[in-house]
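Engineer: Below are the chains, spelled out letter by letter.
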Amino acid sequence: MSNAELEIAVDDPTAPEENSPAVTNSRTVDVAVSLLLLALAVVLAWDNWRTGASWDSTGPEPGYFPFYLSVILGGASLYGIGAAFLSGKEAVETFVTRAQLRRVMAVFVPTLLFCIAMQFLGIYVASFLLIAGFMRIVGKIAIWKSLLTAFLFSAVMFVTFDIVFDVLMPKGPLEAAFGY
Amino acid sequence: MRNLIKIAATTVALFASAPAFAGWEPTKPVEIVVAAGAGGASDQMARMMQAAIQKNNLLKQPVVVSLKGGASGAEALMYMKSSDGDPNKVLIAYSLIYMLPLSAKLPFDWRELSPVAVIALDQFVLWDNVNGPKTVKEFIEAAKASSSPFKMGGTGSKREDHVLTVFMEKKTGAKFSYLPYKSGGEAATQLVGGHTESNVNNPSENLEVWRAGQVRPLCVFDKERISYTTKVTETQSWNDIPTCKEQGLDVQYLMLRGMFLPGKVTPEQQEFYVDLFSKLVQTAEYKDYMEKQALKPIFLTGKDMLQFLEEDGSLNKQLMTEAGFVAK
Amino acid sequence: MEALGLLLHGFAVLLTWKTLALMMVGLVLGVFVGVLPGLGGPNGVAILLPLTFSMDPTSAIVMLSCIYWGALFGGAITSILFNIPGEAWSVATTFDGYPMAQQGKAAEALTAAFTSSFIGSLVAVLLITFLAPWISSFALKFGPPEFFAVYLLTFCSFVGLGREDKHKTVIAMSLGLLLAGVGMDTVSGQLRMTFGSTDLLRGINFLVAVIGLFGISEILLTMEERLALRGHAASISLRTVLAVWKDLPKYWLTLLRSSVIGCWLGITPGGAIAASFMGYNLAKRFSKDPDSFGKGRIEGVFAPETAAHASGTAALLPMLALGIPGSGTAAILLGGLMVWGLNPGPLLFVEHKDFVWGLIASMYLGNVVGLVLVLSTVPIFASILRVPFAAVAPMIVVSCAIGAYAIQNAMFDVWLMLGFGVVGYVFKKIKIPLAPFTLALVLGSRAEDAFRQSMIISGGNMKVFWANGLVGTITTLAILLLFWPLIDRLVASFGKASPPAAKAEA
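Those protein sequence lines, which keep their order, are chains A, B and C.
With the working numbering, letter number 23 in the first sequence gets 23, and the count goes up by one each step, no holes.
With the working numbering, letter number 218 in the second sequence gets 218, and the count goes up by one each step, no holes.
With the working numbering, letter number 359 in the third sequence gets 359, and the count goes up by one each step, no holes.
Hint data in this document are derived by calculation from the structure and do not stem from the laboratory.
Just so you know, even glycine gets a beta-carbon here, dropped at the ideal spot from N, CA and C.
Treat the hints with caution; some may be incorrect.
[Stated by the list, open to error] Here are some, though not all, of the chain B residues that point toward chain C, as calculated from beta-carbon distances under 8 Å:
no. : residue
1   : SER83
2   : ASP86
3   : LYS89
4   : SER146
5   : SER147
6   : LEU179
[What the hints assert, rightly or not] Footprint (simulated), chain C over chain A, 3 or more residues, beta carbon under 8 Å:
no. : segment
7   : 20-26
8   : 64-74
9   : 108-116
10  : 124-132
11  : 168-180
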């Protein structure tokens, strides 16, 4: 009995192809991120300089630490850019392949839409749409299963948060129609 | 059997009071907005209200406490400001409504909100460690004689605790280093550990460490003593603490605790809450709370409240200006 | 024995049907989030935290800590069955646990993991029981300079001992510190880095950041990487359990060593994650047959799991007695404590005896109940992974959004969470470490406040950090840790002893 093993292999209908072309490599992303961080560091350093970044009689002013942290962040980012250009090894490493990116977008875009929809429809309707849509379109799961799962999950969440625990969640026209 | 009578009585009371707020009633859970962190005086007050309202069936909708203590309470003010016309949010306000717009240039004015009631005034007490000086006089002398300035703990910067410290310096000539902590609780712990020489906490914030015999109240910053005479520690009641004026330190400050609705609510909605809070202050829970926290009873609504706010507001502005805390 | 009396009192507080029921619910939820890829300890606790806001503090913390124990157990399940570590400290468990499962010894591996987790946390709980009162009186000695020194020690330990590129650790930490500074500055009462935005006014909530950094980014990564979830369902019979237990005494040295490492690193703020690696590395180093590690050796499961649980449990001690979280999850529990109006710190042990000893008693009970629970329900939990990822992924997204929104009732936080999700995804891929980033977000503003308060006290004199033996020792230790790699190399070049830490990883 103890060695009764059974193999579960969950097949993923949209698995990325093994040899999909690379969209970009790690070095490019490394440099891009470093540049973004550098820009952020400059903006924050400027803002903190304005707030006051010197050392007065009662110790450092509010902008003192953030200012020097921005300088450190900027410095480390510059170093990162330099290091990325000097290292040859990282250049070969793929950051993301086209197939992978497609899959990441397949989950990121619905999440983004969900966040937008949440503001107008309320979180429960939006989550119903997200779960049902994702299961059906991305997962290719039977429509009745998708709808049922989505409905049950949203309903359980609604009962848990809004009814049992009085945690107020954003609600939309549907909830309003039922008087919530 | 007794329970049955109680239930019957409550039911009758409920029906009897029903016509009083026939005009408008909340249809959603009512949110009590707290402009301070968890466990602070405002939070405790909100939880007390929540319990008192629910136990006495003052409201059909549930009451939710939401903590908006971010940015020293500025978060709560901006939250109320952006909730114009929403009658399901009540703010527990205190002196920050006057001080934050001055010290942090926060774009806020209490006149933009709808005042409901002033329900209490909070005291300030000068505390020191039990191993420190025993009277205000000895304390001031020790502070003057000390080679490095005495350290005064308090909550936040450029706020009521800080203002009091500046005025103590002005009146006595002694010098203090003001240490801003995140909460009154932290200021209390640091005083116990001997990292500061004193603090000016509200009674509620130092209550537990006073009872544990770790700190000593020196004087209360009010014209008269606190009225509660029930023993709090083995030997002392709130009433046994002398006023600072008695002790030769002429500094006074009282802080309001008031309820506000967001701006642009209808008069009926405002009326409903005035009614709700006038009932609330009659409950046993509320009275018990007032005594435990040594709060000064007061109840002002309508015109009286507006007048109080105007006067209190200009007093606070004057204090802040004199202390040099108004941002340019 | 005062501690024993108090502990018995704690058990009395706990032994109500309501608390026991909450404990079970917490454990089940914990194992549930631990098994789900993309959740795990800190995330599970973060998401479920608002659920407990309406409970009384004792019930709430008991439920949350049980979620925590459950998540630790659950993390081991996925590490062993699917090679997916639910937590940073479950990574080392996969080294030998997954090969064991592939050899058809999943049941043994799971039993070993659960048993050693149990032993590790038991040792740590015993330590807390008998040391906590002493630590809490010791803790009153902590003023601003001492607190700053401890924060410094924590930060330095990350820079010094981390395995990532140094400049990436620096980027992670300085960015975290900067973001922690957004909002109102406590010491001066001024606003900074808000750019006039009312949403930025309240600062960046680290719970929101954590949900995004770990929850959302893990979904993105899982989606990208895993072609299919391949796993072995296992059932555990009593015979397997007994067979593993019979062998336990053979490994007493490994268990003891890992427990000691775990307790020590757990009490050092922020050290918990390193514990499981160190436990594994040392077990391998002192083994007569180091080459058999990584190929399915049961000792390779015992060592990291014992250390991870000992440190995870011991991490709660500095949180309770000093208000300093020893691990990510402890940090979230700390936030929770404050929500319930319990000021963690020296007086917690004096002022809230019921709560503290209730919590400690819940550690004993939670562990025993947890062990039985996981041993009996493994097959059910493992079957969660049979649910298609396409159904699990959107549910995790919704849970994250609910969690992020509920913290401050702010839509802005949902966007922030999404932003941090992308940041977490990119950072993980270009190997900017998330642990120091999170640490800086949690401790950043506290460290700065402590430093500036110290400066007010001393009138701007840095000597305050060496003013007495306590603060001086911690500060010096911090600086030693900062330069540890350098010192280590120096020492190594003198003797022929090889540097221990880096070797075993290869």
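Engineer: Interface hint check: SER147 (chain B), Cβ to nearest Cβ on chain C, cutoff 8 Å. Holds or violated?
Structural biologist: SER147 (chain B) check fails; min Cβ-Cβ to chain C is 11 Å, beyond 8 Å.
Engineer: According to a criterion of three or more residues whose C-beta lies within less than 8 Å of a C-beta of chain C, is the segment 124-132 of chain A covered?
Structural biologist: holds (count 3)
Engineer: Holds or violated: the hint that ASP86 (chain B) contacts chain C, with Cβ atoms closer than 8 Å.
Structural biologist: Violated: closest Cβ of chain C sits about 12 Å from ASP86 (chain B), beyond 8 Å.
Engineer: Okay, the segment 64-74 of chain A and chain C, do three or more residues pass the C-beta test at under 8 Å?
Structural biologist: holds (count 6)
Engineer: Cut-off 8 Å, C-beta pairs, minimum 3 residues; does the coverage of the segment 108-116 of chain A by chain C stand?
Structural biologist: holds (count 6)
Engineer: Are there at least three residues in the segment 20-26 of chain A whose beta carbon sits under 8 Å from a beta carbon of chain C?
Structural biologist: Violated - the segment 20-26 of chain A has 1 residues with a Cβ nearer than 8 Å to chain C, which falls short of three.
Engineer: Was the hint right that SER83 (chain B) lines chain C, CB cutoff 8 Å?
Structural biologist: Result: violated, 11 Å to nearest chain C Cβ.
Engineer: Does LEU179 (chain B) pass the interface hint, meaning its C-beta sits closer than 8 Å to a C-beta of chain C?
Structural biologist: It holds, given that the least Cβ distance between LEU179 (chain B) and chain C is near 5 Å, below 8 Å.
Engineer: Let me know if the C-beta of LYS89 (chain B) comes in closer than 8 Å to any C-beta of chain C, holds or violated.
Structural biologist: With Cβ-Cβ at 10 Å, over 8 Å, it is violated.
Engineer: Are 3 or more residues of the segment 168-180 of chain A near chain C, judged by a Cβ distance of less than 8 Å?
Structural biologist: Our answer is that it holds, as 3 residues pass the Cβ test (under 8 Å) against chain C, meeting three.
Engineer: Quick one, is the SER146 (chain B) hint okay against chain C at 8 Å, beta carbons?
Structural biologist: Status violated, d = 13 Å.
The earlier numbered hints that this structure contradicts are 1, 2, 3, 4, 5, 7.
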